[in-house]
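Asker: One letter stands for each residue in the lines below.
Number of protein chains: 4
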Amino acid sequence: MIKVGIVGGTGYTGVELLRLLAAHPGVELTAITSRKEDGLPVADMFPSLRGRVDLAFSAPDKADLTQCDVVFFATPHGVAMAQAPALLAAGVKVIDLAADFRLKDRAAFEKWYKIEHTAADLIEEAVYGLPELNREDIKGARLIANPGCYPTTMQLGFVPLLKAGMIDAGSLIADAKSGVSGAGRKAEIGTLFSEASDNFKAYGVAGHRHTPETSAQLQRFTEQKVGLIFTPHLVPMIRGMHATLYARLTKEVTDEQLQALFEETYKDSPFVDVMPFGSHPETRSTRGSNMLRLALHRPDGGNTVVILVVQDNLVKGASGQAVQCMNLMFGLEETTGLQQIALLP
Amino acid sequence: MIKVGIVGGTGYTGVELLRLLAAHPGVELTAITSRKEDGLPVADMFPSLRGRVDLAFSAPDKADLTQCDVVFFATPHGVAMAQAPALLAAGVKVIDLAADFRLKDRAAFEKWYKIEHTAADLIEEAVYGLPELNREDIKGARLIANPGCYPTTMQLGFVPLLKAGMIDAGSLIADAKSGVSGAGRKAEIGTLFSEASDNFKAYGVAGHRHTPETSAQLQRFTEQKVGLIFTPHLVPMIRGMHATLYARLTKEVTDEQLQALFEETYKDSPFVDVMPFGSHPETRSTRGSNMLRLALHRPDGGNTVVILVVQDNLVKGASGQAVQCMNLMFGLEETTGLQQIALLP
Amino acid sequence: MIKVGIVGGTGYTGVELLRLLAAHPGVELTAITSRKEDGLPVADMFPSLRGRVDLAFSAPDKADLTQCDVVFFATPHGVAMAQAPALLAAGVKVIDLAADFRLKDRAAFEKWYKIEHTAADLIEEAVYGLPELNREDIKGARLIANPGCYPTTMQLGFVPLLKAGMIDAGSLIADAKSGVSGAGRKAEIGTLFSEASDNFKAYGVAGHRHTPETSAQLQRFTEQKVGLIFTPHLVPMIRGMHATLYARLTKEVTDEQLQALFEETYKDSPFVDVMPFGSHPETRSTRGSNMLRLALHRPDGGNTVVILVVQDNLVKGASGQAVQCMNLMFGLEETTGLQQIALLP
Amino acid sequence: MIKVGIVGGTGYTGVELLRLLAAHPGVELTAITSRKEDGLPVADMFPSLRGRVDLAFSAPDKADLTQCDVVFFATPHGVAMAQAPALLAAGVKVIDLAADFRLKDRAAFEKWYKIEHTAADLIEEAVYGLPELNREDIKGARLIANPGCYPTTMQLGFVPLLKAGMIDAGSLIADAKSGVSGAGRKAEIGTLFSEASDNFKAYGVAGHRHTPETSAQLQRFTEQKVGLIFTPHLVPMIRGMHATLYARLTKEVTDEQLQALFEETYKDSPFVDVMPFGSHPETRSTRGSNMLRLALHRPDGGNTVVILVVQDNLVKGASGQAVQCMNLMFGLEETTGLQQIALLP
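Protein chains in written order, with numbering that gives the first Met the number 0: chain A, 0 to 344; chain B, 0 to 344; chain C, 0 to 344; chain D, 0 to 344.
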């Protein structure tokens, strides 16, 4: 059994990790830390876990995380970089669900996250935890930078076309929509029920941290300079993410060729479902599951291709993807413990 | 024109007062205070008011509220009692949307609200602002204690039967359900979208501040000792309140007599709609309006009468009722500025 | 492997059966029928099942259900009674999620469901499928009448008190609230998003089919004549049911004794979670899981006991309970395939 | 008083017309027709209108609509074209909220709506009822084709830039999101609460009827061939529409110049609110009101301009706009009866 520790289990990615790991057949939950909730049984905070998780939160200094085989950081940015060096030195693998190791460009990190990077020597080693694009590297990694939820949808949608050199990398548009849980479990007025429900809005249009992360990753697959307009929106639903991606085709290509390209790209990826050409994937078809579904469109048969991508932002967009990485790192079947069928309705 | 001041306009009852008063033909909005938002145009916080409210928030010490004819307190408990004495002395009328003057029993107030009452001499003078039961007193009042949202539904449902001596006052049950806006515009985890949506729960079952307020008011209408079980619940909707009231009939009475009793009681109350016997009022039929609708049921023709009551908790349950009181206090038609039709769908 | 057939898989209880059974380790999905959707792959209607359920719907006359070990009826009332006799004769067990065999009183059935009962000789044999109260009978049953969602919450809340003779059976009140999926997957105006969302209402107050079912079952546990007022309401959420139960205590009893009574009653029931006295269970703590959670309250220490009960109406209130019965009927562990942790948030 | 008739008042645009017209000071509601609901009081179907609308539905053959000054068609496509000729001949003005007269190209109409146009001679006369672009024509019109909800947002967002020749008309992208009420009050599975809530999806990506309507209108303002990709999405909210518009700048222009262009364009349009550059308008800021709000963005200062546009799809996107046209046609102040402040929260 893999001994697992979680740092910062009081947020949504934390409780989602607990839901997945408590039912994972190869895992033993060993420790979960929270500075504020020391001593509180996890199931008192999240009654959905009553009878399934016996652990109590423990203060960071009391929990001996070095006895774990792997530690997940479900924390705000900045925590993993402080603790990862010691854990790695003790032979513990680290999966960071925050942004600390997502950007290879340290200066870009410090600009967008407005904190100094204190473990810069680990940035290069960290593997970007998107299994569909980096599966082999993840298998051998000690330190995983788990992708953000938006970047996952954008990359899995754009990359096949970029790699195939079929689109203009300089004029990508990603109009993306996220459920409110993406904002985390923080007491803030903007995400109150009475503010966010029965409402729709864009946010961060002038610049969002996920743009540099995504652009840098996309750049790996093309020699053309990537130009990406990313517009995030807030949807009055708890879970779910929908990206509507627009790209300009630069080659003559048939609908069938486009479809075949995606099916071929993801034929060995159990968590990417390429739906029939012209489908309209719904976020709820992934609710609570680790599946990402996508479908291709070509309005009026013109030279714009539209890729519709959906996932559950807390699963494939966060905690499920982290468990998927863990499976690969420890030689388990990629799908172990991640076979939950989406909850519909 | 009535010069109106608002203390504490950054919450939901505050913005609702602004919505109603900005369109009220007999009112001039004169000042609105907020300690934190001094100088901020109201419409910057609430874009729904752009072009309709030009006022900016001003710090309490800068706003000269004594130039107003009436001041509304849309504040947490404790603020009105501190400022009301000076305003009243200056000839300004006061309408408190909080609880400071709702309980005639000072000890009960201090027990339930856990603050000392610093204007105890005004408690007796304060008029409980439920126009359907206290219309004449309100007309002559200087100081109004605007009822809570739950107590309004409970009183307007139970009082006709209590006054008629038809029910057992000792075994009243009120199972009530409120939209989330009732919890106010405060940054709290429990009312986040991701916590409160797609969910339903009871709260405060062991004891809620609205129980003593309601019991004391109901007691005015019966000599029997009132016994009230009140169970509030949180509904995943923004606005709306539904009370399901249960009472035991102690007299032989027909359905027609019950219906006639309610129709007669409210025949001169423009904001109480007695629906046909056996109807199922919906909260949305009152959304954004000052109407309260109710309907009577008698399951299996037995001796339990069920009264279903709906209202918009922010209008008839708070700000609309406060404006209704203001209209009466200043000799205006009771319905002035309160004729909005509910938004359906 | 148990060969399973499903009649009527296009509704919500049908797709929920599919979600549970597709992941059940002891089951082989063999046939699913639909008159209208003959030939359509199930996963085309419910994309959440893509890659997990390969079956297509088949017309009732084409599907040979007699090859199954058990057939679930996720149909409107009246279908199971028509097909059950032949299936039982062929040695197939039957679990009916509709009402055909819930009422032992044939006349009551025909009055409330307004159809003639065509398999009246099976009514007596049918076992009411509430494992917590009828576990042994279910183990030996050929024909299960799976309880309605409301009756499950009401019985599991009231029965311990009734059996203990602690409450007045003649004045029970059940104020219950259901998510909209309880109304089924039928094209109707009343359950459109634009009608049911941001709204709350009672319905069927004058009389609901679940009242006679519940009363008859409760009557088994007391000699006093049961009197039950049941008021259902519609909550703007997809899944979830909350019952607020009121009963009058007729004996001197402490809170601790009440709590102990419930804990003792359900100590061997893996799907009933008796929460600490005074808790407020949330429906979302059961979302997608087969758990039912309840908690006791005693407002002001008086003689009214309030029992709060929550469950997922599609799981413990329907399809999960049916699978739980199947497990018992086939000698499997009661929890097999039903260990999903609730989806929170 | 203007005598008003409504044909087809049982849908959402119908009840919204009733809400607005019942409170309109210059209007007398004279007749409302419904084939199916003959004799039913309107307020029985829509309790929000109890006490405010006394009219009953009448069958089309019983209602003498020729006595009206103006008749609104809140009907499916095809009804207005059948009845408009006789009404116009009788001197009655007609405002059609459906598509019958929106497309000047009869062949395009018949292709997209799949019905023959039976009043083709009126197509040319019909005035497209978008006051901000056609105010003078509307004043003199007998027959108004009220724009669709999506086209309103797209036109008011793109037209200032097109007219100024600042953008590439051939590569416009409109990623639009609508509340569910846009689908109408029809019993359909896809818009049930349990299907549409907690979910997000695109629809009609391959081709939507609003594309040719919008393209044709936009073409009036540019000599370049308009190329428009329009992607509609369904948002789990009742009312509200958000369009995220992308256009490529073809001229050197500063942010200030862009902002000034929009402010100048709409300075005499009381229902278009140009928010400060970089704002994120929320749909709820227009809920129940006739305001449309928009804001400009320019990500990374590049050559893509993003225009965010919000409105209430049932008001400015349908019934409010129709009343706005009526006001202009009858010489009333444009804002008469349309001064409702948005309901927030």
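Careful: at least some of the hints might be erroneous.
Remember, identical chains collapse to one label, so a pair may be satisfied in a single copy or spanning two.
Claimed, not checked - Dumping the calculated SDA-like pairs for lysine to any residue here, alpha-carbon to alpha-carbon at most 20 Å:
(1) K61 - K138
(2) K266 - T65
(3) K224 - G300
(4) K162 - M44
(5) K162 - S268
(6) K61 - A89
(7) K224 - R247
(8) K266 - A182
(9) K110 - P24
(10) K61 - R34
(11) K35 - E187
(12) K113 - M0
(13) K2 - G330
(14) K113 - D299
(15) K35 - Q223
(16) K61 - E131
(17) K224 - D299
(18) K2 - P40
(19) K224 - G301
(20) K266 - A42
(21) K2 - Y112
(22) K35 - A186
(23) K2 - G90
(24) K266 - G50
(25) K103 - T253
(26) K250 - S170
(27) K113 - M165
(28) K61 - G169
(29) K61 - A85
(30) K61 - G203
In case anyone wonders, no lab produced these hints; they're calculated from the structure.
Asker: Of the hints given before, which are not true for this structure?
Answerer: 1, 2, 4, 8, 9, 12, 15, 16, 21, 25, 27, 28, 30
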